[in-house]
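Asker: Going down the list, the protein sequences come from chains F and U.
The first sequence begins at 0 in numbering that gives the first Met the number 0 and counts up one residue at a time.
The second sequence begins at 0 in numbering that gives the first Met the number 0 and counts up one residue at a time.
It is worth saying that the hints were derived from the structure and are not from the lab.
Glycine included, C-beta positions come from ideal geometry on N, C-alpha and C.
Incorrect hints may appear among the rest.
Stated by the list, open to error - A short list of chain U residues far from chain F (calculated; beta carbon distances all over 10 Å):
1. Met139
2. Asn179
3. Asn243
What the hints assert, rightly or not - Here are some chain F residues pointing at chain U (derived, C-beta under 10 Å):
4. Asn179
5. Ser215
6. Phe244
7. Arg248
8. Gly264
9. Thr268
10. Ser321
11. Val333
12. Ser363
13. Ser367
14. Ala445
15. Tyr446
Claimed, not checked - Think about it this way: if two alpha-carbon atoms lie no more than 35 Å apart in a straight line, the pair counts; the simulated DSBU-like pairs of lysine-lysine are:
16. Lys453/F with Lys485/U
17. Lys548/F with Lys705/F
18. Lys485/U with Lys320/F
Number of protein chains: 2
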Amino acid sequence: MKKFFLLVLVASFIVSCNNNSVKSGVLVTDISELNASIEKAQPGDIITLANGVWKDVEIKFKAEGAVNKPITINVETPGEVFIEGVSSLKFGGNYLVVDGLHFRNGYSPDEAVVIFRIDKETIANHCTFTNSVIEDFNKMSRDDSDRWIQFWGRHNTLSNCYITGKTNRGPTIRVDLKGNEHISNYHQIVNNHFGPRPPKGGASGETIQIGDSYSSMSPSYTMVANNLFEECNGEVEIISSKTNFNEFRNNVFYKSEGSLVTRHGNYCTIDGNYFIGDGENENIGGIRIINTGHWVTNNYFFNLKGKSFRSPLAVMNGIPKSPLNRYNQVTDVVVAYNTYINCDAPWQFGVGQNLAQKDVLPASEIRSARPLRTIVANNVLYNEVGAEKLVVEHDKADGVIFKSNVVNNQGVPFNDYDGGIQNVSFDLSEVGENILVQASNLDVEAYKGFEFEKISKDLFGNSRNSNNSIGAVVNTNASSPSILDKSKYGPSWYSDEVEASEAKTIEVTDGDNLQEKIDEASNGDIILLKDGVLNVNKSLVISKGITIKAENVSKTSLNYSGEANTPLFELHPKGFLIVESVNLKGNGTQQAFASLKENMYTHFGLSVSNCEITDFNFALKAYKQSFAERITIENTSISNCNNGLELSEETNDRGDYNTEYLTIINCKFNNVNENVIDYYRGGYDESTIGGNLILTNSTFTNCGGKEQNGILINTRGIVNVDISDNTFKNNPIKLVALLWGAKNNSHANNTISNSGKIVVEENLKLKLMY
Amino acid sequence: MKKFFLLVLVASFIVSCNNNSVKSGVLVTDISELNASIEKAQPGDIITLANGVWKDVEIKFKAEGAVNKPITINVETPGEVFIEGVSSLKFGGNYLVVDGLHFRNGYSPDEAVVIFRIDKETIANHCTFTNSVIEDFNKMSRDDSDRWIQFWGRHNTLSNCYITGKTNRGPTIRVDLKGNEHISNYHQIVNNHFGPRPPKGGASGETIQIGDSYSSMSPSYTMVANNLFEECNGEVEIISSKTNFNEFRNNVFYKSEGSLVTRHGNYCTIDGNYFIGDGENENIGGIRIINTGHWVTNNYFFNLKGKSFRSPLAVMNGIPKSPLNRYNQVTDVVVAYNTYINCDAPWQFGVGQNLAQKDVLPASEIRSARPLRTIVANNVLYNEVGAEKLVVEHDKADGVIFKSNVVNNQGVPFNDYDGGIQNVSFDLSEVGENILVQASNLDVEAYKGFEFEKISKDLFGNSRNSNNSIGAVVNTNASSPSILDKSKYGPSWYSDEVEASEAKTIEVTDGDNLQEKIDEASNGDIILLKDGVLNVNKSLVISKGITIKAENVSKTSLNYSGEANTPLFELHPKGFLIVESVNLKGNGTQQAFASLKENMYTHFGLSVSNCEITDFNFALKAYKQSFAERITIENTSISNCNNGLELSEETNDRGDYNTEYLTIINCKFNNVNENVIDYYRGGYDESTIGGNLILTNSTFTNCGGKEQNGILINTRGIVNVDISDNTFKNNPIKLVALLWGAKNNSHANNTISNSGKIVVEENLKLKLMY
């Protein structure tokens, strides 16, 4: 079926005709009609996808539009055309536009969901993917790598899209420059809303990566502007710029756990961006600088508490004569006219200095080359609580010049770097949500560095020609743009805001129909178990957010009689399970909780409180490639189990691990034979700040008797570990824990009797990832 | 004395006013007058240096000219103003011109002779050094490094200069990019005549170096165009391009022993250059490619016989993830529309592949990364004698695509790379001296690679738009520019051509006045010794080119009675000595020949034939930092000496050595105790192709008895060694020679009896230089 009709253009194209007149188009209802239409498309043509779900479609948009006469694929009604299943979109040719798609419930069979080439010979130029959504379009397993948008060619655009939920390996967006057809590409990534990307639990979780070390010598000229990055927490780099002459302008980084990093490549411009923290989360970073000639100007940093790699401005040490894929020395960087509000010690130099590790790392991994010819000038700092240090020198900042910077540090003294940072008392004025600037222009003459006259506008775009001032904002009367107004970003037809619905409570008294009730429940609902024993003989599948709780503590048991090596609770992708006040009992051969063995295409989560877990083979078994952002066990006992919490399957030593936060508070472990807590991250990777264990106020008795590695609490490779206020008693084990001194591992106030000891090793030897 | 006068401008400035009208200027006669005039100079002013020698002047030209109104320093009469002694010129400011100087008989006290900045803050921009000469302005010793022209800042020009004779360490010209003030500099190096630069005997003898590995990420945009490079033999790199976006256009490389090398940095343009060889000398190279994105187009290669590093087109293997200062992989290189006449196998890929050395070198020195995405298209080859191979694969050329290339290989079969090199019979036509092109356009369709349409002109500047053809030249009727017409290069007032004068012969009968007669002689004259014994009691100083010969072989002796450890002949800089048919006799404590111990600010040379050298401590002693391009000993005997030919003082292992060519033919060595022949180059340096020993038809008897290293002919580190047709008899030594198999070391037809043996070690372990 094919019908011709008149289509009124209402969508706003980035590449569009100047006249929004009525155009004739063609409505297509399946892939073969689409292919036929593409094949005969002429400049100016519009092909419209009919409403509905397009399943398993691999669209190859190969055509030739023209300047001001693109060929466009759009949708009958924005928001009513869904691309699902095994699907992808490839552009090949010139002046092509795709507008209004919604990718969901599926994954790409290819290197990416949207690809700006069809094959090596058929490359896209001047093509646009706009006004569309891609959500949760993950491959079936975390290690199955892809991107969602893969740029090739030149002058292509990603605009006004909403993109969220990538959990598998690979940057959400990658620009590829391998080949002369792809350099000096002037791609535009503009006006998009990058919604939450949860922590990946290892490297290769960037939101945008531009090039790679192998193309790091190439000019890219990619523009990333006016985007909102919201909770882009995939890994330590939100944007990894790896090529030359890229520009990052007027983006908003909102509560995103990571940084904009000039990882490779040189001479990038980072101007007029907003980095907004919450005043607490130390994972929310700013800008991390490596390499030569970057200009960091007119940026605004608010409430950031990140340190070292994640500090508001982290300027790294390089490796002398660095290998191509490691850390070049920083030189010729300009940091000027930025404003830092409540960022404590925003400037950190020599980040990554690791001379102490020279016995465990090869010389080609030692970052000892300090920044050179770097200037920090005309910046404004305000700390509502004065900081002892404004500049942290991980290595000497002797190649950095400070000029005409001003701080209100509330009178707390600081190193002023030969007068380069002046103490000035000034007030702030709030000119917008999260935007505080000095209340009036500061009477400090701006330093005129080489080519500083090219910094001609301020954060809000106002001219600096007259009445210039230091700091990111010149005209303190100006009102700021509403940077968190989400209607400014992403598709015109889509909102990510979900209306909160009241949670339902579903009562269950019988184990036999528990699964049925779980299936009936909606995301966020509560299954309420009555007092008594419920017998369960088959794994309970959890694939949504659900709470299972008993009315009273210790009055309700789930007795599991399923097969050996099957879990009572089988945690599927998107299975976020809260269990409260229920006793879980097995027959010694099964698992209380386990992920799927495969196809964990997105995260699970687990919270257990006020429970007793007894007689299982494993209390928790996380299989390889499964990942939970948080696993929390509180006020719970685990006893008579062969294994405890087993999160150590990521043994490929590529930096991956099974959970970001493992939190164990006020728990009791009795008679757990091995893998009592086994939490592993392998591979030396200085920039992934991975894994967090909090273990407090807990008691371990008669545990670890069969532990082959001789360590009760095994945390090898985990970066943040806090073991405190616990009691270890009568555990027949060599070590209670082996901690990594160089990282954020600590122990305190533990009572240890008739057990092993806690040992801290400063520099653990790990397999190099690079 | 200061006089004001009217000055008629006749010199052609690169940056000049449009009207060549009469201008008022000031004539200055000494440095204080010059300084005073500079201090008050205004845009458009001209300061004229009075004729004569300006000795020990350090000119700091700090002033502010304006667009089209430069401030100029020129000379009263071109060719009559000489800068001598300890002198230099520094520019600081904008729009300054220096025109007509002649630097000679001296050296700079600074990093360079001409420097485009006065200090770190006072940098030159839009300044020009033009129409001038710098000759032999060497520092006093070879290791005392400098440049002659040091570029800083932006938009500076070196034009129409004649520059020759640099022998000390350091590139003749260097462009420095360290600091944002110096990047994207658009310097112009144009219309110069680079006269002979003799081999330096080690690294750091480039004629032009643009940047270094530490600034190799920076954009430079330096233009090197329309220059003549004549016998620029300083080292293996004539031009070492180490930054990005440089352009090399329409230069002539005439019998220059080296190559244009893209050593670091990327995306350079090498277009329309001429590489002219002599059909024999294998040291004359072409273009050597490292890194990414270079375009090699419209170049003409004639009679080049270089191989490997010195081949007409050498595309290197890289080191995987190379350290910054080593070898990046070649990618995305275009080699199109070039013409190669009589270059045998002009295309060599994987040059520098050294997998065989992986046992003696660290992994970070192994070049195993083959070129990627490289295209060789639309080139024309002609071999008057067909070559077996047109392409030499030092490693597999599997990342190289050949398209639409044509060869006339005289019917000799060759690998055609899937039809990418076609066999076509065609004739040549001579369109200029050394310029032969295909007699008519070839009927082969040009391959249209990505952006090949940008190759819009041919070698002679003719359009390729219509009637395009493969090869460097489109219009076979066009006459070529007279590329070797020296009046097109260098200063208008200077010629490097010296009128040959008839050599004088001066007869000498008495040793006492021998030095006097040598001093009287002119360069090239002959001192003729009569039969008999001449007694010499003081070293004879040789500081010019001179021949000392006897009328009859074996009839004349020089008996030396000078002090111990002094030489009979003391070879000073520019001392080029030929000794023929004279017997030299010492008392066992002195040297027959020796260089100065220090201040060897330029080369010496030595040729000895038909002589007998007896009873010296050393036959020849070359001190550290002395260098001879050639030392030749023929038909001569050396006997009863403690040491023979000692050329092994360059022990700093930076790749230096004491002579380029050591040639020993038909000589006899008897009773020479140690250092019989000791010729050393230290330091691993794969690209310096350094040192040449030819030892043939000679006899060694009873030699080496005191040799501590156990090697009779010690050639450690020397790259080219040929030991053949010699006789070694009764030498109490372990090894006659230890040869370096991986390099060009060979031995043949030697008769060895009761002596050591000759051993070949494939890979010598040397100290790494980098």
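Asker: Against each hint, give a clear statement of whether it holds in the structure.
Answerer: Consistency of the hints with the structure:
At roughly 32 Å from the closest C-beta of chain F, the C-beta of Met139/U stays outside 10 Å, upholding its exclusion from the interface. The Cβ of Asn179/U does not lie farther than 10 Å from every Cβ of chain F; its closest approach is about 5 Å, which violates its non-interface assignment. Not every C-beta of chain F lies more than 10 Å from that of Asn243/U, the closest at about 8 Å, which undercuts listing it as non-interface. About 5 Å separates the beta-carbon of Asn179/F from the nearest beta-carbon of chain U, less than 10 Å, and the hint is met.
Because the beta carbon of Ser215/F sits about 8 Å from the nearest beta carbon in chain U, less than 10 Å, this interface hint is met. With 10 Å as the threshold, the beta carbon of Phe244/F comes within range of chain U, its nearest partner Cβ sitting at about 9 Å, so the hint holds. With a cut of 10 Å, the hint placing Arg248/F at the interface with chain U is violated, because the nearest CB-to-CB distance is about 20 Å. The interface hint given for Gly264/F is met, as the beta carbon of that residue sits about 8 Å from the closest beta carbon of chain U, less than 10 Å.
A distance limit of 10 Å between C-beta atoms decides the matter here; for Thr268/F the minimum to chain U is near 13 Å, and the interface restraint is violated. Given hint, Ser321/F at the interface with chain U, holds; its Cβ is 6 Å from that chain's nearest Cβ, closer than 10 Å. At its closest, the beta carbon of Val333/F sits 8 Å from a beta carbon of chain U; the interface hint therefore holds under the 10 Å criterion. For Ser363/F, the interface hint holds, the least distance from its beta-carbon to any beta-carbon of chain U being 7 Å, beneath 10 Å.
The interface hint given for Ser367/F is broken, as the beta carbon of that residue sits about 14 Å from the closest beta carbon of chain U, more than 10 Å. For Ala445/F, the suggested interface contact is broken, since its CB lies about 18 Å from the closest CB of chain U, more than 10 Å. Hint on Tyr446/F is violated. Least Cβ distance to chain U is approximately 14 Å, over the 10 Å limit. For the proposed pair Lys453/F and Lys485/U, the alpha carbon gap of about 44 Å is over 35 Å, so the pair is violated.
About 33 Å separates the Cα atoms of Lys548/F and Lys705/F, which keeps this hinted pair within 35 Å; it holds. With a C-alpha separation of about 42 Å, the suggested pairing of Lys485/U with Lys320/F is violated against the 35 Å cut-off.
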